[in-house]
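Asks: Please dock the two separately framed chains into a single complex, following the hints provided.
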Amino acid sequence: MLRIPRDQVDEMIAHARTDHPDEACGVIVGPEGSDQPTRLIRMTNAERSPTFFRFDPLEQLQLVKELDAADEEIVVVYHSHTATEAYPSRTDISYAAEPQAHYLLVSTAESGREEGPVSVRSYRILDGQVSEEEIEVLRP
Amino acid sequence: MAVEVKIPTILRTYTDGQKTVNSTGSTLAEVIDDVDSRHPGLKDRIVESAGLRRFVNVYVNDEDVRFSGGLSAPIADDDVVVVLPAVAGGAH
Chain A
1 MLRIPRDQVD EMIAHARTDH PDEACGVIVG PEGSDQPTRL IRMTNAERSP TFFRFDPLEQ
61 LQLVKELDAA DEEIVVVYHS HTATEAYPSR TDISYAAEPQ AHYLLVSTAE SGREEGPVSV
121 RSYRILDGQV SEEEIEVLRP
Chain B
1 MAVEVKIPTI LRTYTDGQKT VNSTGSTLAE VIDDVDSRHP GLKDRIVESA GLRRFVNVYV
61 NDEDVRFSGG LSAPIADDDV VVVLPAVAGG AH
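So the protein sequences, as listed, match chains A and B. Residue 140, in UniProt numbering, is where the first sequence stops; the numbers in between run on with no holes. Residue 92, in UniProt numbering, is where the second sequence stops; the numbers in between run on with no holes.
So that you can see chain B by itself, here it is in the shape it has in the complex (with noise of 0.2 Å):
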């Protein structure tokens, strides 16, 4: 089975409206990166030079990715990628 990547309501823009769209790969960046290629520009929300963007989350399997590895966290057949924005903002 495939890995099921949720897409946040900002970013279905990327994917036809999709909630949810499968992919394959055995990291994560494997992952954003086949994901990327059949939905282009969704990579570049995500990571920015080395890592994942500031401000964005990722979870697999309710795990936040930046205690797993970051880009290489492993990801198995059936596992979860939430990928989350964070809601924010300041005074100025």
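In isolation and in its complexed conformation, chain A is listed as follows (with noise of 0.2 Å):
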């Protein structure tokens, strides 16, 4: 079970339109242990890519020094599709490096850029292993 704040939710789509056709992603970082999603932080798609995303190697390390100095961690790590559905991919499973992260995908596959349709879903991926989890969007 994912509990993640309805604004977050938000932003993770509005990012997904924004960067629609390539593959957008990001993490939302918590307290360490917290399993409490509170800080979406955008990452920029080394890639560019409509089929692949890397995050920006020197943003990554940027952020694990800050959540290192912040005894923070990755909480939930996002990234969107834009022609196939929000499920993980086989790349997507090989490449899984946080188990204790939240591995949600948002897909554009149905509306792009525009308002409408979009899906969201949440995972958890350890040794290769996927299991959906539940979602609960958290009201203010």
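Be aware that a few hints might be false.
[To be verified] Within a straight-line C-alpha distance of at most 27 Å, the following computed BS3-like cross-link-like pairs (lysine-lysine) qualify:
#1 K19(B) / K65(A)
#2 K6(B) / K65(A)
#3 K19(B) / K43(B)
#4 K65(A) / K43(B)
[What the hints assert, rightly or not] Covered, in the sense of this in silico footprint (three residues per stretch, anywhere, with C-beta under 8 Å from a C-beta of chain A), are these stretches of chain B:
#5 5–16
#6 39–50
#7 55–65
[Said to hold, decoys possible] Which stretches of chain A does chain B cover? Using the computed rule of at least three CB atoms under 8 Å from a CB of chain B, they are:
#8 70–80
#9 86–93
#10 107–118
What the hints contain is simulated information worked out from the structure, not anything from laboratory work. Just so it is clear, CB atoms sit at the ideal spot from N, CA and C, and this is done for glycine as well.
Replies: This is the structure we're talking about:
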């Protein structure tokens, strides 16, 4: 189960739409061990690709240093699929590197940059195994 | 003083959960071998055949070692080595 504030979901969707047709990516961080997403950080997709994403390495290094100093960790890794469904691909699974994280996918395949239906789903990926989990959207 | 090696989340299963381990060595290869001697299996996740695994970035004092010699990159006492698997994925 991922409990996540509505405004963070809205921000991820906005990011996915803005970057469409390229895959968008980012994280939501929170205090270590809290499993509580508190701060969303958009990352640059260094690949600028509709079919692949990779965090810009220097941005990622900077992020890791900030988290280390603040005793925070990545709670959510999110990215968008722009022509396929919101389900982790084989490539997504092979690169999953944050065992504690929720992997959230947004698909803009149906509506692109426009208002319209988007799919938002969350998963745990551990040792190559994917399990989907419920999302509880918290209202302020 | 030792070299400080920062271990990413996914590799902390090799280090009993430690975020940082100390090491010695005058090149990156020596540091990795030293860390692996005390935390077996870690090297395999960072290095393959002749060099760094693709999609693993290693920084020495914030400089990407791919630009400073790869596994031969020089390491000095008090250097900080950060190992960072790429966060990546694709549509297929």
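Asks: The structure should be examined with respect to each hint, and the outcome stated for every one.
Replies: Going through the hints against the structure:
no. : hint            : verdict
1   : K19(B) / K65(A) : holds (12 Å)
2   : K6(B) / K65(A)  : holds (10 Å)
3   : K19(B) / K43(B) : holds (16 Å)
4   : K65(A) / K43(B) : holds (22 Å)
5   : 5–16            : holds (count 4)
6   : 39–50           : violated (count 0)
7   : 55–65           : holds (count 5)
8   : 70–80           : holds (count 4)
9   : 86–93           : holds (count 5)
10  : 107–118         : violated (count 0)
Figure legend: structure checked against the earlier numbered hints; hints not met, in rising order: 6 and 10.
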